[in-house]
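Trainee: First to last, the protein sequences are chains Z and F. For any residue, its number in our numbering is found by taking its place in the first sequence, counting from 1, and adding 171. For any residue, its number in our numbering is found by taking its place in the second sequence, counting from 1, and adding 446.
The set of hints was computed from the structure by calculation and includes no laboratory data. Treat the hints with care, since some could be wrong.
Unchecked claim - Computed cross-link-like contacts, BS3-like style, restricted to lysine-lysine with a CA-CA straight-line distance of at most 25 Å:
| id | chain 1 | residue 1 | chain 2 | residue 2 |
| --- | --- | --- | --- | --- |
| 1 | F | Lys-529 | Z | Lys-202 |
| 2 | Z | Lys-352 | F | Lys-529 |
| 3 | F | Lys-534 | Z | Lys-202 |
| 4 | F | Lys-572 | Z | Lys-211 |
| 5 | Z | Lys-428 | Z | Lys-382 |
| 6 | F | Lys-529 | F | Lys-506 |
| 7 | Z | Lys-210 | F | Lys-625 |
| 8 | Z | Lys-322 | F | Lys-543 |
| 9 | Z | Lys-322 | Z | Lys-428 |
| 10 | Z | Lys-421 | Z | Lys-330 |
| 11 | Z | Lys-240 | F | Lys-529 |
| 12 | Z | Lys-211 | F | Lys-529 |
| 13 | Z | Lys-421 | Z | Lys-383 |
| 14 | Z | Lys-330 | Z | Lys-240 |
| 15 | Z | Lys-211 | Z | Lys-184 |
| 16 | Z | Lys-322 | Z | Lys-202 |
| 17 | F | Lys-543 | Z | Lys-211 |
| 18 | F | Lys-534 | F | Lys-582 |
| 19 | Z | Lys-258 | Z | Lys-211 |
| 20 | Z | Lys-478 | F | Lys-553 |
| 21 | F | Lys-553 | Z | Lys-322 |
| 22 | F | Lys-534 | Z | Lys-211 |
| 23 | Z | Lys-368 | Z | Lys-382 |
| 24 | F | Lys-625 | Z | Lys-478 |
| 25 | Z | Lys-322 | F | Lys-534 |
| 26 | Z | Lys-322 | Z | Lys-295 |
| 27 | F | Lys-529 | Z | Lys-210 |
| 28 | F | Lys-529 | Z | Lys-184 |
| 29 | F | Lys-534 | Z | Lys-210 |
| 30 | F | Lys-543 | Z | Lys-478 |
| 31 | Z | Lys-240 | F | Lys-534 |
Treat the numbers as computed from the prediction; the structure is a model and nothing was measured.
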Amino acid sequence: MSQLSTRHLLGIKDLTPEDIQLILDTAANFKEVINRPIKKVPSLRDITIANVFFENSTRTRLSFELAEKRLSADVINFSSANSSVKKGETLVDTVNNILSMKVDMVVMRHSSPGAPHFLSRNVKANIVNAGDGTHEHPTQALLDSFSIREKLGDLAGKKVAIIGDILHSRVALSNIFCLQKMGAEVMVCGPITLLPKHIASLGVKVELDVKKALEWCDVANVLRIQLERQQIKYFPSLREYSLYYGINKKLLDQLDKEIVVMHPGPINRGVELSSDVADSDHSIILEQVQNGVAVRMAVLYLLAGVKG
Amino acid sequence: MQKRLVLDQKQIEIILRRFCHQLIENHDNFENTVLLGLQPRGTILLDQLAPILEEISGYKVPTGYLDATFHRDDFRRRDFPLKANETKIDFLVEGKKVILVDDVLYKGRSVRAAMDAMIAFGRPQKVELLVLVDRKLTRDYPIMPDYLGIRVNTLDSQYVVVEWAGQGQEQDAVWITEKVKS
Numbered sequence: 172m173s174q175l176s177t178r179h180l181l182g183i184k185d186l187t188p189e190d191i192q193l194i195l196d197t198a199a200n201f202k203e204v205i206n207r208p209i210k211k212v213p214s215l216r217d218i219t220i221a222n223v224f225f226e227n228s229t230r231t232r233l234s235f236e237l238a239e240k241r242l243s244a245d246v247i248n249f250s251s252a253n254s255s256v257k258k259g260e261t262l263v264d265t266v267n268n269i270l271s272m273k274v275d276m277v278v279m280r281h282s283s284p285g286a287p288h289f290l291s292r293n294v295k296a297n298i299v300n301a302g303d304g305t306h307e308h309p310t311q312a313l314l315d316s317f318s319i320r321e322k323l324g325d326l327a328g329k330k331v332a333i334i335g336d337i338l339h340s341r342v343a344l345s346n347i348f349c350l351q352k353m354g355a356e357v358m359v360c361g362p363i364t365l366l367p368k369h370i371a372s373l374g375v376k377v378e379l380d381v382k383k384a385l386e387w388c389d390v391a392n393v394l395r396i397q398l399e400r401q402q403i404k405y406f407p408s409l410r411e412y413s414l415y416y417g418i419n420k421k422l423l424d425q426l427d428k429e430i431v432v433m434h435p436g437p438i439n440r441g442v443e444l445s446s447d448v449a450d451s452d453h454s455i456i457l458e459q460v461q462n463g464v465a466v467r468m469a470v471l472y473l474l475a476g477v478k479g
Numbered sequence: 447m448q449k450r451l452v453l454d455q456k457q458i459e460i461i462l463r464r465f466c467h468q469l470i471e472n473h474d475n476f477e478n479t480v481l482l483g484l485q486p487r488g489t490i491l492l493d494q495l496a497p498i499l500e501e502i503s504g505y506k507v508p509t510g511y512l513d514a515t516f517h518r519d520d521f522r523r524r525d526f527p528l529k530a531n532e533t534k535i536d537f538l539v540e541g542k543k544v545i546l547v548d549d550v551l552y553k554g555r556s557v558r559a560a561m562d563a564m565i566a567f568g569r570p571q572k573v574e575l576l577v578l579v580d581r582k583l584t585r586d587y588p589i590m591p592d593y594l595g596i597r598v599n600t601l602d603s604q605y606v607v608v609e610w611a612g613q614g615q616e617q618d619a620v621w622i623t624e625k626v627k628s
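One chain only, chain Z, in its complex shape:
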């Protein structure tokens, strides 16, 4: 099969393992494309894509824009900071106005969980979720899985520990769904205040001790402390968090194996990850960024390729 079971990418939860496999395989083809002397293919030359960002983003937005341009799509960008949203326009009105300019796909980031799902029921275009609040960030999970597969050969049977602010992380939730669908074992690790109450019901292991988590895992996916989403204090200080949950070279040297360290960015150096780890051979953080473009090209290509 070379067709996804869905016409939108709203979350990993809606994808089948075959969908994920198809996206990762197609991404491998696009990774070869973006390493050519001429990094562009003409597939999406008659497609217009709107990047609609109601929330701040650097990496994801650049990555999507680059993926779209590498596929020869026409791209328009929208950010809520200087838009009519400020004048009181609703989400559906904003997007329908953009779509009336003959836009075929919408890549959207929004601070409200479920916003892209709502939009997909109310507009005609294909919707790609680029992060909805604390809910899902599907393309990040896909690129994380792609990077692990590239580094370790396969996802099935691999042990992945997601360490840090699980409570506020859409990356964590999408990663849990994606890794489990591909047959990997998942553990979450962090201070008890930053772990969602019923997280174990998703079938993940829960660990409070970061040393034990590192001893268990093949891959450590370290997440950022999302201070901007924290209305109350979940731990006494960043210094204390760093002392108990920060990953540094000393911790990794104590292990009797090599593990892979990942981070979705942006890194708070010295908080969740020390510089000597972030810049070490353990880290595949910059590969993740490169793979992000290939994975997003695959998603856009597969969604756009279905006959209207």
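Starting from the known structure of chain Z, fit chain F onto it as the hints suggest.
Mentor: Using the frame of chain Z, we list chain F on its own:
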């Protein structure tokens, strides 16, 4: 289902050897020549051809696999996109004489897409096309092979099937079959 044998193992072997001699005639010592097999099935023909060429000429010619899926002109015109195959070219074609290798030449659209895809690896000095089977009178684009195995008369309602012994078949063979009506 009706099935007609066009080439058998012996005939295919003779054609492959003829290809090699024709290539030697035109490319001398292959100093500046590369062979690109078109995915998915031209690569199988290339894998058959390359060792014979090395045996006869004594030169090891660089080979690669080229996939043109992302350059096809029927994207969004099919029900769903084709699955891409691996492109494996570890050299640039800049200034090179490129021989594109495919098993069957039908509408010419795949070859057009392949030439488009190839340009991403540089500007070749010259491009030639080698095909095992040319389906006469079915072309949509003005594309003709430089090296040809056999030319056959076919209808759009027919397939040309190329079977290789290394691909789970007993013998190398080329057949014409009727498309099954759904």
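Trainee: Are the Cα positions of Lys-352/Z and Lys-529/F separated by 25 Å at most?
Mentor: Between Lys-352/Z and Lys-529/F the Cα gap is close to 21 Å, so the pair holds against 25 Å.
Trainee: Check whether the Cα positions of Lys-529/F and Lys-210/Z lie no farther apart than 25 Å.
Mentor: Since the Cα atoms of Lys-529/F and Lys-210/Z sit roughly 19 Å apart, the hinted pair holds (cutoff 25 Å).
Trainee: With the threshold set at 25 Å, check whether the alpha-carbon distance from Lys-478/Z to Lys-553/F stays at or below it.
Mentor: Roughly 22 Å separates the two Cα atoms, so the pair holds.
Trainee: With a cut-off of 25 Å on the C-alpha distance, tell me whether Lys-625/F and Lys-478/Z pass.
Mentor: 23 Å, holds
Trainee: Check whether the Cα positions of Lys-534/F and Lys-202/Z lie no farther apart than 25 Å.
Mentor: Roughly 12 Å separates the two Cα atoms, so the pair holds.
Trainee: Hint check: Lys-210/Z vs Lys-625/F, CA-CA at most 25 Å. Holds or violated?
Mentor: 38 Å, violated
Trainee: Take the C-alpha atoms of Lys-330/Z and Lys-240/Z, compute the straight-line distance between them, and say whether it is at most 25 Å.
Mentor: 35 Å, violated
Trainee: Mind checking the alpha carbons of Lys-553/F and Lys-322/Z for me, to see if they're no more than 25 Å apart?
Mentor: 41 Å, violated
Trainee: Is the hinted pair Lys-572/F and Lys-211/Z satisfied, with a Cα-Cα distance of at most 25 Å?
Mentor: 22 Å, holds
Trainee: Hinted pair, alpha-carbon criterion (25 Å max): Lys-211/Z, Lys-184/Z. Please report holds or violated.
Mentor: 31 Å, violated
Trainee: Taken at face value, is the distance from the CA of Lys-506/F to the CA of Lys-529/F at most 25 Å?
Mentor: Given pair Lys-529/F, Lys-506/F is violated - Cα atoms ~31 Å apart, limit 25 Å.
Trainee: Could you grab the alpha-carbon distance between Lys-529/F and Lys-184/Z and see if it respects the 25 Å cut-off?
Mentor: Judged against 25 Å, a Cα distance of about 23 Å means the pair holds.
When each numbered hint is compared with the structure, violations occur for hints 6, 7, 8, 14, 15, 18, 19, 21, 26, 30.
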